[in-house]
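Protein chains: 2
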Amino acid sequence: MAELPSHIDGYGDVRPFASAFANLEAVRRTASRIRSVPPGQQKVLPDLAAAIDASGLRNGGTISFHHHLRNGDGVLNAVMEAIASRGLRDLRVAASALFPVHAPLVQHIEAGIVSRICASTIYGPVAHSVMAARLAAPALMYTHGGRARCLESGELHIDVAFVGAPTADTYGNVSGVNGRAACGPLGYAIADVQCADCVIAVTDNLVPYPAFPSDITQDYVDFVVPVPSIGDPTQIVSGTTRPTSDPDALRIASLATRVIESSGLLVDGFSFQAGAGGASLAASAYLKQIMMTRRVQGSFASGGITGSIVEMLDAGLFRALFDVQCLDLAAVDSYRRNEAHQAMSASMYANPHNRGCVANQLDAVILGAAEIDCDFNVNVTTAADGSILGGSGGHADIAAGAKLAIITTRLTAGKFPKIVERVGTVTTPGETVDALVTEEGVAVNPRRSDLADRLRAGGIGVRPIGELLERSVQIAGESGSTSLSRPDGPVVAVVEYRDGTVIDVVRSRTA
Amino acid sequence: MAELPSHIDGYGDVRPFASAFANLEAVRRTASRIRSVPPGQQKVLPDLAAAIDASGLRNGGTISFHHHLRNGDGVLNAVMEAIASRGLRDLRVAASALFPVHAPLVQHIEAGIVSRICASTIYGPVAHSVMAARLAAPALMYTHGGRARCLESGELHIDVAFVGAPTADTYGNVSGVNGRAACGPLGYAIADVQCADCVIAVTDNLVPYPAFPSDITQDYVDFVVPVPSIGDPTQIVSGTTRPTSDPDALRIASLATRVIESSGLLVDGFSFQAGAGGASLAASAYLKQIMMTRRVQGSFASGGITGSIVEMLDAGLFRALFDVQCLDLAAVDSYRRNEAHQAMSASMYANPHNRGCVANQLDAVILGAAEIDCDFNVNVTTAADGSILGGSGGHADIAAGAKLAIITTRLTAGKFPKIVERVGTVTTPGETVDALVTEEGVAVNPRRSDLADRLRAGGIGVRPIGELLERSVQIAGESGSTSLSRPDGPVVAVVEYRDGTVIDVVRSRTA
Chain A
1 MAELPSHIDG YGDVRPFASA FANLEAVRRT ASRIRSVPPG QQKVLPDLAA AIDASGLRNG
61 GTISFHHHLR NGDGVLNAVM EAIASRGLRD LRVAASALFP VHAPLVQHIE AGIVSRICAS
121 TIYGPVAHSV MAARLAAPAL MYTHGGRARC LESGELHIDV AFVGAPTADT YGNVSGVNGR
181 AACGPLGYAI ADVQCADCVI AVTDNLVPYP AFPSDITQDY VDFVVPVPSI GDPTQIVSGT
241 TRPTSDPDAL RIASLATRVI ESSGLLVDGF SFQAGAGGAS LAASAYLKQI MMTRRVQGSF
301 ASGGITGSIV EMLDAGLFRA LFDVQCLDLA AVDSYRRNEA HQAMSASMYA NPHNRGCVAN
361 QLDAVILGAA EIDCDFNVNV TTAADGSILG GSGGHADIAA GAKLAIITTR LTAGKFPKIV
421 ERVGTVTTPG ETVDALVTEE GVAVNPRRSD LADRLRAGGI GVRPIGELLE RSVQIAGESG
481 STSLSRPDGP VVAVVEYRDG TVIDVVRSRT A
Chain B
1 MAELPSHIDG YGDVRPFASA FANLEAVRRT ASRIRSVPPG QQKVLPDLAA AIDASGLRNG
61 GTISFHHHLR NGDGVLNAVM EAIASRGLRD LRVAASALFP VHAPLVQHIE AGIVSRICAS
121 TIYGPVAHSV MAARLAAPAL MYTHGGRARC LESGELHIDV AFVGAPTADT YGNVSGVNGR
181 AACGPLGYAI ADVQCADCVI AVTDNLVPYP AFPSDITQDY VDFVVPVPSI GDPTQIVSGT
241 TRPTSDPDAL RIASLATRVI ESSGLLVDGF SFQAGAGGAS LAASAYLKQI MMTRRVQGSF
301 ASGGITGSIV EMLDAGLFRA LFDVQCLDLA AVDSYRRNEA HQAMSASMYA NPHNRGCVAN
361 QLDAVILGAA EIDCDFNVNV TTAADGSILG GSGGHADIAA GAKLAIITTR LTAGKFPKIV
421 ERVGTVTTPG ETVDALVTEE GVAVNPRRSD LADRLRAGGI GVRPIGELLE RSVQIAGESG
481 STSLSRPDGP VVAVVEYRDG TVIDVVRSRT A
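Taken in order, these protein sequences are the chains called A and B. Under my numbering, the first residue of the first sequence is numbered 1, with each subsequent residue one higher. Under my numbering, the first residue of the second sequence is numbered 1, with each subsequent residue one higher.
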């Protein structure tokens, strides 16, 4: 691990990451504030400005958003515009994730309307603002499970949570499956509505009471605001969720699937999660074939759910899905029509501080990497040049929970090696990673000699990760350094592990 | 209202009831304790004794139960037997309701194993123990919404919650719709599992992970215990839920329906709840005919749900049901097969201290009474002889929430008048009651002259409640006193209104 400062201005004292399962003591869920709604009181307000006024939001407050519409989200920008029009300043934006579509936040940051950012992943222009140290405090980057934990523990207190509601009724029952912008379960918003002082549902499909089925129920919602559009559902498939036809990616996917096959886990009751990257989607397709051939009936698949996982459910290869967020419209349709396609909250998904998250029940997961190092630490937070390119999302969560966490990656990305001596930023600690699969072979974490034995027995060559590192550097055509030197400027982002300890920081380059 | 003591031993200082909507300020939901479950840790324990040991329950602790299996419940007795075998003492039993089947509690009370009782309703032998002052402190009687409020506020802290699970998987996902003892939604257990320090699911249908659909999810459950039987589902139809063929009851039901019809509320969007008494069931049948004839499409019906309400849903007379508890097996079946039959928690149902409960959205409700007085105060807590015969359940909750709260009752029960000058115990304050319907006519609360006008316009004679009182006394053949004198012994039960104020007490008779 990189050396961490003991204190970070704008963050506070640093509780350093110790190990993946060090902080699993009993915890307390925070108290939350509830404004009672008596009979006869209406919840529908005419517009966002009225709702912001009614919420009691003040300068310096914290507002939250969820990213189920991903790069099609129209709620955050509309809310921020209304907030700007109310003259509020110095706000903290606690989003589950930020996308390129949220570029207008940059202007709000420049104008001092937004001074702090927390998110599990940050893609696009806002990441540039963070890197340029345009915020009053370092950005705070969580895992998806860690964000739920942080809300439930009270470490992150939300004054006003905004819920993008594909359908809402006049008393605040919210459905993600009906409406023009249907996006499926609203798993990332659940901890927000449970813990925030005030919850505002923003909808472009206001319907008579009661709306059902409800992903969020009326007892958690203070106000309902109709708007012309909450966003563009066709952009739910965006960012990392496109399939691949690249031969290397397909080779990696096939090899990752063989690793699962040889691991001994692919028996009845098998459970699985794949990221939404191209190799993961391809691996799901291979896995489907193997499970059909071997007549394995899995128990469940989880995660952000894609159409490829839905196909496996529909083929009877899993009995159920646990879905925190649909990653394409085929998944949205499945959630609507199939009872076996279950919603889960981010806390149920991946929070280490509850009575047992779904991640704990996973057998095998396939995850990507921007970089991985000789200790199997994985970076999905920063690019080779040190700039923020995403963040953990559920990466560190499911690596920790699963019996077999497989990282798939090409050896290089352009001129940069992806197997490095030391990752630019640690997102997921190596102790939770079991195997690395590249286009030139597989490496197994030395902690898992049992796995290496199984793979060899399955005819899979297992190479020392050092060899793959060498090949990575060789192909990238670099020598002497396996990655760029770490930036040494001020801390611009703090990377919290799922248990709330600091696992790494992101620094800007000094000018 | 009766005069209340300012302090009650074993209860504390009394915050006296002021008015139905006096305490609707912002509140805080309590913090709760969570034991983190790491990957690999199992939840299934061999038996109840092992689970009680694992829970950390100590002498003096509080344990909770829910009553979805009603008089068929086998969980409470089995748990108490295991607790007795562990040598624990001085426990508080916080049940959502107690039934005759829980008679073995009497021995546990006598033995000092149970020293305190809280419940929304208490039927049967345990009520006799309460009346006989066999407990170390007065019993605490809530409304259903008030119980959820009390749990969420932390006023009632549960050490260990026991969930009777018709189906549970090995990691604690609980379903009420599948299994031998399927009972439908588990609405009364939700606040318990959210607020208790430890949650134990007790099941006679342990299935592989994951069970779905889930009424309670794994992140709320610490342990799962398989037992031979959680109870007898045929006894769900019990107590107050039998239909009637009595001519007086049918006349009352018909008249109550005409009151609704004349109230102006019976238009599209109409919402409705009926108790489970015979007159209520009959009224539902009449209402069904009127709604079909007038082609009214209601929005929802709520409550404990019966087959008669399911028939109205199936006939298209309501778009949805909100169900906290199925009151017969037809309702269980409907919940299983019909998405429009939605579950709700007790808090969502009736808690005055959340962001808007379902009770707030009700148009008309039909409720029973043991007694009603000239101020329209209703007693469903004690019999004419002063002994406990039930308790509020949702009575006071929905009377407060609904636009039109109708009390239906015969004028007499045997030799006792049911219309009295002053009820033996105030369960539901008169300010929340709009009309009284008896076999000899209708009285309207003077606060609701608008309603009286509408009823007269609809051809319904409206009589002063004093006239009905006179008839009641006349028929009962008594004079001089309209009810027995109130017992004047020590307080044996404290009746809390839904907001946590004390609305009345139950006293034993001095020897």
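The reader is advised that the hints may include incorrect statements.
To be verified - Quick list of simulated restraints, FRET-style, between CB atoms:
#1 Gly87/B x Thr293/A: 40 to 50 Å
#2 Ser6/B x Arg33/A: 45 to 55 Å
#3 Asp90/A x Arg295/B: 33 to 43 Å
#4 Ala340/A x Ala136/B: 42 to 52 Å
#5 Asp450/A x Pro38/B: 30 to 40 Å
#6 Arg15/A x Gln41/B: 15 to 25 Å
Stated by the list, open to error - Covered, in the sense of this in silico footprint (three residues per stretch, anywhere, with C-beta under 8 Å from a C-beta of chain B), are these stretches of chain A:
#7 98 to 111
#8 386 to 394
No lab work stands behind these hints, which were simulated from the structure alone. C-beta: ideal position from N, C-alpha, C; glycine also.
Hints, verified against the model:
no.: 1; hint: Gly87/B x Thr293/A: 40 to 50 Å; result: 57 Å, violated
no.: 2; hint: Ser6/B x Arg33/A: 45 to 55 Å; result: 30 Å, violated
no.: 3; hint: Asp90/A x Arg295/B: 33 to 43 Å; result: 56 Å, violated
no.: 4; hint: Ala340/A x Ala136/B: 42 to 52 Å; result: 49 Å, holds
no.: 5; hint: Asp450/A x Pro38/B: 30 to 40 Å; result: 20 Å, violated
no.: 6; hint: Arg15/A x Gln41/B: 15 to 25 Å; result: 24 Å, holds
no.: 7; hint: 98 to 111; result: violated (count 0)
no.: 8; hint: 386 to 394; result: violated (count 0)
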